[in-house]
Structures are given as structure tokens and as C-alpha cells.
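Construct all of the structure, not just a fragment, from the sequences and the given hints.
So the protein sequences, as listed, match chains X and Y. So the first sequence is numbered by my numbering: it starts at 1 and just counts up by one. So the second sequence is numbered by my numbering: it starts at 1001 and just counts up by one.
Since the hints were derived computationally from the structure, they do not count as laboratory data. Fair warning: there could be bad hints in the mix.
To be verified - Partner residues are not named here, just some residues of chain Y that face chain X (Cβ under 8 Å, in silico):
(1) E1092
(2) N1100
(3) F1111
(4) L1112
(5) W1121
(6) L1166
(7) F1226
(8) A1237
(9) A1272
(10) F1275
(11) F1278
(12) L1279
(13) L1282
Note that CB positions come from ideal geometry on N, CA and C, so glycine has one too.
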Amino acid sequence: MKDMKTFYTGLVALIVLGLIVVPFSVNVERSYLIYFLFMAFIYVVIAQGWNVVGGYAGQISLGQHAFFGLGAYTTAMFWVHGLLGTGADYYFNPLLMILSGIVPAIVAIIVGIPLLSRLRGDYFALGSLGLGEIIRVFFVKGGDITGAQDGLHLPSGGYESMLPYYFVGLLLAVLATVGVYFIMRSRIGMAFRAINEDEVSASSHGINILYYKILAFAVGAFFTGVAGSLYGIYIFHVNPDSVLNINYGLYPILMCVLGGSATIFGPVIGSFFMAGVFVIAEQHFPMIHPIISGALIVLVMRFMPTGIVGLKSRLQRD
Amino acid sequence: MIAYLSFELIVQLVVNGILYGTIYGIAAIGLSLIFGTMRIIFLAQGTMIILFTYFGYWLLELAGIDPFVSLLIVVPLSMIIGVLLYRSLFKESAEMDDKNASLLLAVGIMFLVNNLMLVMWSANPRMANTAYTEVVFSPMGITIPFTRLIALGLAILSAGLLTLFLKKTYLGMAVRAASENMLYATLVGINPHRVNTVAFAIGIGLAGVAGIGVLQIVPFDPFFGFTFALKALIALALGGIGSVFGALMGGILLGLLESLGSFFVGGGWAEAVAFGAFLLVLMFRPEGLFVRSVKKA
Chain X
1 MKDMKTFYTG
11 LVALIVLGLI
21 VVPFSVNVER
31 SYLIYFLFMA
41 FIYVVIAQGW
51 NVVGGYAGQI
61 SLGQHAFFGL
71 GAYTTAMFWV
81 HGLLGTGADY
91 YFNPLLMILS
101 GIVPAIVAII
111 VGIPLLSRLR
121 GDYFALGSLG
131 LGEIIRVFFV
141 KGGDITGAQD
151 GLHLPSGGYE
161 SMLPYYFVGL
171 LLAVLATVGV
181 YFIMRSRIGM
191 AFRAINEDEV
201 SASSHGINIL
211 YYKILAFAVG
221 AFFTGVAGSL
231 YGIYIFHVNP
241 DSVLNINYGL
251 YPILMCVLGG
261 SATIFGPVIG
271 SFFMAGVFVI
281 AEQHFPMIHP
291 IISGALIVLV
301 MRFMPTGIVG
311 LKSRLQRD
Chain Y
1001 MIAYLSFELI
1011 VQLVVNGILY
1021 GTIYGIAAIG
1031 LSLIFGTMRI
1041 IFLAQGTMII
1051 LFTYFGYWLL
1061 ELAGIDPFVS
1071 LLIVVPLSMI
1081 IGVLLYRSLF
1091 KESAEMDDKN
1101 ASLLLAVGIM
1111 FLVNNLMLVM
1121 WSANPRMANT
1131 AYTEVVFSPM
1141 GITIPFTRLI
1151 ALGLAILSAG
1161 LLTLFLKKTY
1171 LGMAVRAASE
1181 NMLYATLVGI
1191 NPHRVNTVAF
1201 AIGIGLAGVA
1211 GIGVLQIVPF
1221 DPFFGFTFAL
1231 KALIALALGG
1241 IGSVFGALMG
1251 GILLGLLESL
1261 GSFFVGGGWA
1271 EAVAFGAFLL
1281 VLMFRPEGLF
1291 VRSVKKA
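Put into C-alpha cells, the structure is as follows:
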């Protein structure tokens, strides 16, 4: 057991080290590989966010795109309206990125109290889907503050290289994964798991169900919001279609389930796999790439509904 | 805005809401059957509806078959597609406790069909034109398009037929029993696969009916499907899961909310009103507004 742990830690360190070296061996500005990895990092962060709330705590949220959009919009609104003061540097401002996670987390707490106290299971899934759409309407109808349908254009003058995107993405992906690892080893993580297993039993053991459900929802929203902020800085044009797209609510579920939800590395595997599929399909079959992605989702869910990690245990059992 | 307000206008808004809402209602009945028996949130329902709208469109454009005659082709075809969907894709995942797989299957189908339609028919909005598309009745200064009236008739007819099937036939009763409690239904000898197949056949069959209904009412494009699925979900929540009448009424209520909402609070906000009502109903009356007894939480 101890050996396995050392092995895994070593393996992870090696992979991260490899990812640090990658940009120095390819043409960063033109390489598809860098773009692929950058998107994969963003997916890892949102997938880990869903993993906490949907995978470990078992609250299937279909509204994560609202938090992704909120994160991107927080960054964009602070930047465009100069809310951090005129002299501030907004480009990759760590304070701003953290703030872009805190805002969705606060929203998650505010809406989580009524939603999570009253809705269970499928009904929470439906409710979170409704929530995502309501938030979308607010941004579409937000007038000058949110730029309405056209959204907000960020000053792109600061762009010099893809490198900072790559490394910030890598850092966030590692932090999210390590964060989930430590959360799940703590008392909080055990409470999440207990709620997922059996709410009544968890409650009878003195776990405050609502408190932990909201905490899981808020942690998921925080991760997703920070990823949204990074994506917003990358695309420089934050609008409802780009960041409040339902895809950002569905992709994390897909990646978690594909890799194996409620595991530490499942979402990472799922994210890299799907990012690879998206990038390859985009590059080679530009016309029909969503068809391929859709067909792939159907095939994977049909033949390995418990994901890649689940496949291993299924094979062992058979 | 209030200056324009007149009695006729209010009546017109209400009529529009009801006529449009019945289409949501049929879509919601299909969802209700699938959700009731298998606890699957079939997000692809709206996309299937638009797919059948395009089928109807093709039959009209290529073979000159009147949309309402093409129901005879589209509905059986959609039921077969429903059976195939269940047999080939949902059979295993319907049995699992974890509903992620079936939800994602629906999402995958949505992506796949949506983009297939995009490639085949492009993103240009289309609308069917027949000799009677422009026919309008105007009793007492209220405008009622003939096509919408037929859609209303179709909705009521299919809801009625479905109710008869569920109440009077053996198979229908089995479906109802299974939506009440699948485990007990299985214990008294009901074959879950058969019930699920029937639910899927009827659910997608109703998507066929709704698809033909949409054909002459609004301009449609492939992306319309997802919005439609969301609307059907709202209608379902408003009306209550597991009740044909409730789902139909939920659709009509949603139609009214949208029609009156877009007049009083403006186009985009009406959507927020509809989703707000959806959340409130989910929270405070999860059994729906039109179901008298509380059977399920």
C-alpha cells in the first residue's frame, strides 16, 4: 500500500515535470499541442469542480455553466469597468482570478440554500439546469454592465505569448487535483461521501446535510469560476454564447463519468481524453466534429457507463 | 405598453399562450412517460422533435405530402425509432441506480442528432408553406391561425388517446404501475423491458406528433431543439410527473406565462419568469400544480 502511494506520487510528479518541459520543446505560439494541453487543463479544473459536488457529494448539478460564465464575466466586468482601480494590472491578476472564483461560490451559497434544502436527486439536477438558464438571461439582459448579447470585449493589448496561459492552466489543474485529494481525505470529504452513500444515515451520525451539500456546491462553483476566468482572459471576448454555453455544464459531467467520477484521477483522464478528441476532430473534420463528439459520448456511455477507471474494476470482477 | 392594453389584446395573448403551450404539453407528456418509468431525464426530446419536424418538411418538399397526412408516416416511424433507442442504447443504463450514464446518453444523442441536422439541412431557419398556412380565423377581433388550431386538436387528441391507452389497456396499466414503483411492478410480474420499450415508443412517438405540430407554426432550425427540451422540462415540472393531463396543462401554463410575460416584462425576461416559476414549483410543489394526491416526493 505504502509502495503504491510512493509510486503514484512519483508518477504524478513525473507527468507534471513532463508537462512543464513541453513548451520548451515545441513552437509555443503555433503548436496545436499547446492549445490542446491548455484546453485540457481548463477541463481538468471544471471537471474536478463537478467531481466534488456531483461525484463525491452525489448532487448532480447541471448548472455548472452558470458558474463558468460567472467567473469569466466577473473577470471581464472588473476589467472593463476598471473596478480594481485605474492603475491596476488586470492581465493575469491573481487577485482578480481568485475573486472570479469567489463570486460564483457566493452565488452558489445563496441559491444553494433554497435549492439544496428542498430538492433531491433528479429534482436538484432539473433545478440547477433552470438556475443556469436564469443566470444566462440576466447576462443577456444586463444592458451596458454585461454588454448584453454581444458581451464584453477585453483589452487584448497585453497578449504576448501563449506561455503564461499554459503555465497558469497547468498550475490551476494541479492545484484543483491536489485540492480535491486533500479535501477528500479530510473530515469534509468524508462527510461528502457519507451524504452520497446514505443521507439519512449520515444525518443520524451528526452530519449537517445541508451545510455540507452547500459547501460542496460552493467548492465546485469556485473551481469552475476560476477556470472561467482563465478562459475569459484567453478568448478576450466574453459573451453569453461563448461562456454561458450549456456545454460547460455538460462537459465536466462527461469527463468525470468518462474517466470515473468520485476518483482523483478519473476526471483528469477524462479531460485529457475529451480535449484530445475535440482538438483532433476540430482539426481534421471541422465540419462534422460535434457529430463525432456526440457519437463518442453515446458509444462510451453505452459500453462503459462507469468510465475508464470503472472499467478496470469491472474487468477484474468479471 | 399599458397604453395599448385592451381586453381584446389580453384575450389574444391568452389564446396565443394556450395554442403554443399545447405543443410544449405534448413534448412534456413524452418526457413524463420516459422519466416516470425509467427516471431518465431525456434531454434529447426537443432535438428529436425538431428532427421529426425536418422529416415532415422533407416529405412536404420532396414528395408533396401534406404535413398532417405525413403524421401517418412520421408517427409510426418515430415510434420505431423510440423502440430502437431503448433496445440499443438505454436498456442497460435504465437499470442502473446511477443516472449519470442515461443522462449523458441523452446528451450525446442531442449533440449527434443536432449536428447531423446542421450538416443535412444547414442552420437557416425554415418553415413549411402549404395552401392553408396563411388561413386565419378571426372571431371577435382575435386572430387564430388555422394551423395552430389543428396543432391544438392534435395535442388534445393524442393526450386523449394516450389516457385511454394508459387507463383501459393491460399494457397501459402496466406502464402506470411501473411509473408508480418499478420494483413492485416487477414483483407482480410486469416485465420492465417491455414497459420501458412502450414508454420510449410512445414518448418518441409524441415527439413525432409535436414535430409535425411545430412544422407550420414557427420557423425552426436545428438549435431550436435544446430550447424546446428545456421548455418541455418546465412544462413537466409545472404539471407534475406521471400525469398526462398535468403535463398538458403544464405546457399550456408555460405557454401563457411566456405569452403574457413577453408582453408585460419583455421578450428576454419572459424566459427568466418561466424558469423562475419552474424553480418555485420544483421547490414548493414538486408533485406539480395539477396533481391532486401526493404520491412522489
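Taking the hints in turn, this is what the structure says about them:
1. E1092: holds (7 Å)
2. N1100: Constraint on N1100 of chain Y satisfied, holds at 5 Å.
3. F1111: holds (3 Å)
4. L1112: Holds: closest Cβ of chain X sits about 3 Å from L1112 of chain Y, inside 8 Å.
5. W1121: Not OK, violated: W1121 of chain Y not within 8 Å of chain X, min 14 Å.
6. L1166: Since the shortest Cβ distance to chain X is 22 Å, the answer is violated.
7. F1226: With a closest approach of 7 Å, the F1226 of chain Y hint holds.
8. A1237: holds (6 Å)
9. A1272: Since chain X brings a Cβ to about 4 Å from A1272 of chain Y, closer than 8 Å, the hint holds.
10. F1275: Hint on F1275 of chain Y: holds, closest Cβ of chain X at ~5 Å, below 8 Å.
11. F1278: holds (5 Å)
12. L1279: holds (5 Å)
13. L1282: holds (5 Å)
Of the numbered hints given earlier, the model fails hints 5, 6; all others are met.
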